[in-house]
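Chemist: What follows is each chain in one-letter form.
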Amino acid sequence: MKISISKIIIFSFIIFFLSVFWLGLKIDNNYDTKSLIGSKISNFHITEINNENQYISEEDLRKNKYTLINFFASWCAPCRAEHKYLLSLSNQNKRIKIIGINFKDKKINANNFLKDLGNPYNFVGKDTDGKISISFGIYGIPESILVNNELTVIKKIIGPIDQVQFEDVLKIIQ
Amino acid sequence: MKIKIFFFIIYFLFLAVLNSNDNKKELSEIYKNLRCLVCQGQSIADSNSDFAATIKLVVQDQVNEGKTKDEIYTFLISKYGEWIVYQPTFSKSNLILWILPYFIFIAGGLFIFFIVRKSKNNKAN
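Chain order of the listed sequences is A and B.
For the first sequence, position 154 matches number 154 in our numbering, and the numbering has no gaps at all.
For the second sequence, position 25 matches number 25 in our numbering, and the numbering has no gaps at all.
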């Protein structure tokens, strides 16, 4: 039986495209930045929300065993929901420092938010125009990044911290 | 003298307009190649979302600092992963994406060539 080259080529192409489509269907299309766990954060300078002269940079975070960087805003409802977990973390564990970065918010609203719900943060920075959030790979609020003293990202929490995430963070820092 | 000053001013205004157009064109090209991560199938250029607005600010800053397109893409890829750019980078894992179109083009050409040659031979016989 003689099989022509053109038939083999056509058949190979059909198999190839079917495999590509089949693999494509199996890939998770929900994008998140969790793939960046293991990368390092660098080149940041965050000014304190109430004091222009006070700021933190890489060197300050290197002094902490673990730092949780939490992006929040007074206008963000899920931020209110996760706040109790941040308060528990700051009260329960001294191995972790929590940095809050107030995202595209008014200073007065942010201060009222922390006055009403409590302040779990060791430092509250401001990101008025959102540019700092880009240098941390943030694309939604709230979002939290857990880094170690080498500034390596250990965990990324996209969306509000819930009981599962909270316990996971506790487990990591123990 | 007044005419000279007049032409001098016109010349500089013309240069300023040209330069700003170049900048706008470059910005627009970069925005079009960046994916809006919080939108459905929109580029940063098409989107009015908060995320797109912030990315535009960051890109503008970096262009003003004199950074090249590639440097800006590298920065954003380091923060958001390769998904943020529409045009995949030329790397080992993306090799097939870059080579496949050329391969299909050549294979298609060869396929047509053989078909034509075969039909000619058949006609001659």
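Just so you know, these hints were derived from the structure itself, not from any lab.
The reader is advised that the hints may include incorrect statements.
To be verified - The calculated lysine to aspartate or glutamate pairs, modelled on EDC-like cross-linking and capped at a C-alpha distance of 20 Å, are: (1) A:Lys131 with B:Asp22; (2) B:Lys79 with A:Glu48; (3) B:Lys79 with B:Asp50; (4) A:Lys40 with B:Asp50; (5) A:Lys126 with B:Asp61; (6) A:Lys94 with A:Asp32; (7) B:Lys24 with B:Glu71.
Chemist: Hint by hint, say whether it matches the structure.
Modeler: Against the structure, the hints come out as follows:
no.	hint	in the structure
1	A:Lys131 with B:Asp22	violated, 24 Å
2	B:Lys79 with A:Glu48	violated, 23 Å
3	B:Lys79 with B:Asp50	holds, 17 Å
4	A:Lys40 with B:Asp50	violated, 25 Å
5	A:Lys126 with B:Asp61	holds, 19 Å
6	A:Lys94 with A:Asp32	violated, 30 Å
7	B:Lys24 with B:Glu71	holds, 18 Å
Checked against the numbered hints given earlier, this structure breaks hints 1, 2, 4 and 6; the rest are met.
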